[in-house]
Amino acid sequence: MTARRKAAGIALTGIAPLVLTALTATPAVAHGSMTDPVSRISACFAEGPEHPKSAACKAMVAAGGTQALYDWNGVRDGNAGGQSRKRIPDGKLCSANSPEYKGLDLARADWPSTKLKAGDHTFRYKATAPHRGSFELYITKDGYDPAKPLKWSDLEAKPFAKVTNPKLTGGDYVFGGKVPAKSGRHLIYSIWQRSDSPEAFYTCSDVVFGKGGTGRGAAGPSAAAPSDRQIAADAAKSTIDHGGHGGDAVAPAAGGHAEAHGDGTAGNAARPNGGAAEEAVTRQAGNQQAAGDLLAETGGDGSTAPIAVGGAAVLALGAAVVFATTRRKAARQRG
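Just add 699 to the spot in the sequence shown (first one is 1) and you have our numbering.
Calculated from the structure, these hints are not laboratory results. Careful, some of the hints might be misleading.
Derived PhoX-like pairs: lysine-lysine, alpha-carbon spacing no greater than 20 Å straight-line [to be verified]:
1. Lys910 <-> Lys840
2. Lys850 <-> Lys881
3. Lys757 <-> Lys791
4. Lys801 <-> Lys791
5. Lys840 <-> Lys861
6. Lys840 <-> Lys881
7. Lys881 <-> Lys910
8. Lys850 <-> Lys801
9. Lys877 <-> Lys857
10. Lys881 <-> Lys857
11. Lys840 <-> Lys877
12. Lys881 <-> Lys814
13. Lys847 <-> Lys757
14. Lys814 <-> Lys910
15. Lys757 <-> Lys801
16. Lys816 <-> Lys850
17. Lys866 <-> Lys877
Kindly generate the complete structure, drawing on both the sequences and the hints.
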């Protein structure tokens, strides 16, 4: 093997830990939930995971624990692929059939609710990580009974609102829709299906039309969305960490762990002989391009793109320095 090839191999091996450390050091990101009308999990998180105020949120915690509320923005199916009705069974719609969120499926008529009226409405979906995709909003049929487990057949057959790649405004996806005329207590079910991954996200928002009252149409406590301050304060307690937002995993640095795929499976371990470094550099470049495209398509401000590009520049500069130094040493040895 020539000195030049040896130098290249040494340089590539030398930057591998740097590349992988930089990739795995990316802050954990999650995804989001409906905040207008307020989703069940958003309302209970806003009340406080450790000491919720409403009876329904207390029951949710009793059924599944507090961690689900800290993971308020991760009700999802990593392999939905547009087949939500086939993959999520009746009675498990609000949890997306996830054991962690089973408390959301409790059939009761006193979930915190949002007052709503028929006609044009501006919907808001807090996006803690933007993704390309489409939103579909369904509402329950006349005669819906919140005291019974929610079934697919309880929803109107077609969404009353649908939008693809809505704009991000102040960290929220904001889009309009025309709410059909209803009376009493109902539920709005949202499906956010990504177009760049089979992953999909789900929310149940309890709503009340009119003045409410008693029994099946009772308004119950008012739902409030979590504040940005609360979201930031409790972010460290979340276990949601999708790394590449449901895409391929990246190899771990020494002593670290691989990022998870969108379906929760672990990625492949690093290949020997510098293969992992080559793959990581290629993937990082692709992720930077994808991040720029994604933010552009979803109306983001692009603030994350310069960070990614800056990190790549540092890695590239470090690689160049190591490579140049090794070549000079090799040249002196030949001389």
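Hint check results:
1. Lys910 <-> Lys840: The hint holds at about 19 Å.
2. Lys850 <-> Lys881: Holds, at about 19 Å.
3. Lys757 <-> Lys791: Holds, at roughly 19 Å.
4. Lys801 <-> Lys791: 7 Å, holds
5. Lys840 <-> Lys861: 18 Å, holds
6. Lys840 <-> Lys881: Roughly 9 Å separates the two Cα atoms, so the pair holds.
7. Lys881 <-> Lys910: The hint holds at about 12 Å.
8. Lys850 <-> Lys801: 15 Å, holds
9. Lys877 <-> Lys857: 13 Å, holds
10. Lys881 <-> Lys857: Given that 20 Å is the threshold and the Cα spacing comes to 16 Å, the pair holds.
11. Lys840 <-> Lys877: This hinted pair holds, its Cα atoms lying about 16 Å apart.
12. Lys881 <-> Lys814: With Cα atoms ~12 Å apart, lysine 881 and lysine 814 stay inside 20 Å; holds.
13. Lys847 <-> Lys757: Distance ~19 Å between lysine 847 and lysine 757 Cα, so the pair holds.
14. Lys814 <-> Lys910: 8 Å, holds
15. Lys757 <-> Lys801: Judged against 20 Å, a Cα distance of about 13 Å means the pair holds.
16. Lys816 <-> Lys850: 23 Å, violated
17. Lys866 <-> Lys877: 18 Å, holds
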